[in-house]
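Q: Here are the chains, one letter per residue:
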Amino acid sequence: MISVQGLRKTFTLHKQGGVELPVLQGVDLDVQPGECVALDGPSGAGKSTLLKCLYANYRATAGSVRVGHTEVTAASARELLALRRDTIGYVSQFLRVVPRVPALDVVAEPLHGAEDARQQAEQMLLRLRIPMRLWSVPPATFSGGEQQRINVARGLIRPMPVLLLDEPTASLDADNRLTVVSLINEARAWGSAIVGIFHDQKVREAVATRTYRFH
Amino acid sequence: MIPILAVAGLRKSYGKRLVLADVDFDLWPGDVLAVVGESGSGKTTLLNCVSARLRPEAGTIRFLTRHEGQKDLYALSEAQRRLLARTDWGFVHQNPSEGLRMNVSAGANVGERLMALGERHYGRLRGAATDWLARVEMDAARIDESPQTFSGGMRQRLQIARNLVTRPRLVFMDEPTSGLDVSVQARLLDLLRSLTRDLGLAAIVVTHDLAVARLLAHRMLVMKDGRAVEQGLTDQVLDDPQHPYTQLLVSSVLQP
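As they're listed, the protein sequences go chains A and B.
So the first sequence is numbered by the numbering used here: it starts at 1 and just counts up by one.
So the second sequence is numbered by the numbering used here: it starts at 1001 and just counts up by one.
Since the hints were made in silico from the structure, they are not lab data.
These numbers were taken from a predicted model, which means no experiment stands behind them.
Careful, some of the hints might be misleading.
Unchecked claim - Here are a few chain B residues that face chain A, going by a calculated C-beta distance under 8 Å:
hint: 1; residue: Ser-1077
hint: 2; residue: Gln-1080
hint: 3; residue: Gln-1247
Stated by the list, open to error - Counterexamples of contact, computed for chain A against chain B with all Cβ distances above 10 Å:
hint: 4; residue: Ala-117
hint: 5; residue: His-199
hint: 6; residue: Glu-205
Ideal Cβ placement from N, Cα and C applies to all residues, glycine included.
Based on the provided sequences and hints, a complete structural model is requested.
A: Spelled out as structure tokens, the structure:
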């Protein structure tokens, strides 16, 4: 489902006189449906950068990134938007808040107005223990942990062939961490190909089928 | 699928000064494109050229008409272009008083484009105006007031209603939220975001505000000295800018 070959990512900082920062220097990785690959390595090794290249948020410097049938490094903006809509779910570390949109609608958005979108969003919010009085409130004022649960709810509300998870449990308490572990394992059982960064060792052991180590 | 707007090799100069050089882009139905860059970079000239308000010196602009496929904009007659401008297109000005008729009522402002299309039935005109005032979150009780009595944010919402009443497929916006208070901006942005999504509108939004681009646009085009120096998905351009100028632009603002 995901196939990465010889992926390189170098940042060129023009404001600093064209300094080049090589972050990924030849990553090879294949992920099948039903696998969950944990990215492991010290901070700054390029774990988030790899996730962002898979999501086409960062543009690869060289190499190939295939997600499903799409070569991400050569796809048009239009193809990438379709890929994100239909194939890739992404849970980023931080929720990007849209003013005035209530939590429930933020969570339901990936369902694109499906008939039972609201009910499904309510189920997710219940499972992730978001108090009902917050459902109609825009998440801008939520705590870090609440925002992260909104982000997880939104990213996992719909089964997606590919899931990219950037520290989905970082600021959660033990109960919610367990809920997120169950959600990830349900996605894997459904057949998602999952790549994630999980700093918490217990979480990693509970969800990962193997580890990709950065050096 | 065919692009609703296909722009190639666009060029325009004022005297000896080149203000647009070799600009190419495609816009798809439902696609929102932000055009960013500093003042004088050519972004407003670009908007005026592609909306048939300013004839370019060279290049083609092909628009996907409802029934006759793609047409070269400047090969159409003046009358055909004017008809497009008041039916299939919308144009939202930065200053609402340029896009509104300030001395007639809010309802008449919304109804005008329908009347230009031949609607004469008073009840239906009023019904459409009431409906659109509600959709832009305005109090229908103010339908008979003139926009002169409205705040800046209300005028801008009225301008949007006036443009969208004919269900255009393509909307041009020139700095739609600048000049408004921050809280009013947030409300307007949310409104524009839901309207473009719910109506499947294609839109070109000129803005110098990268946060506005982040919220509204799927794609982004960065202009400098009349050239499109970088294009991509909005988050690609903002999170991983490639061109030296885009890097400068992105690093000059607080967390767009």
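Q: If you check each hint against the structure, which ones fail?
A: Hints 1, 2 are the ones this structure does not satisfy, whereas the remaining hints hold.
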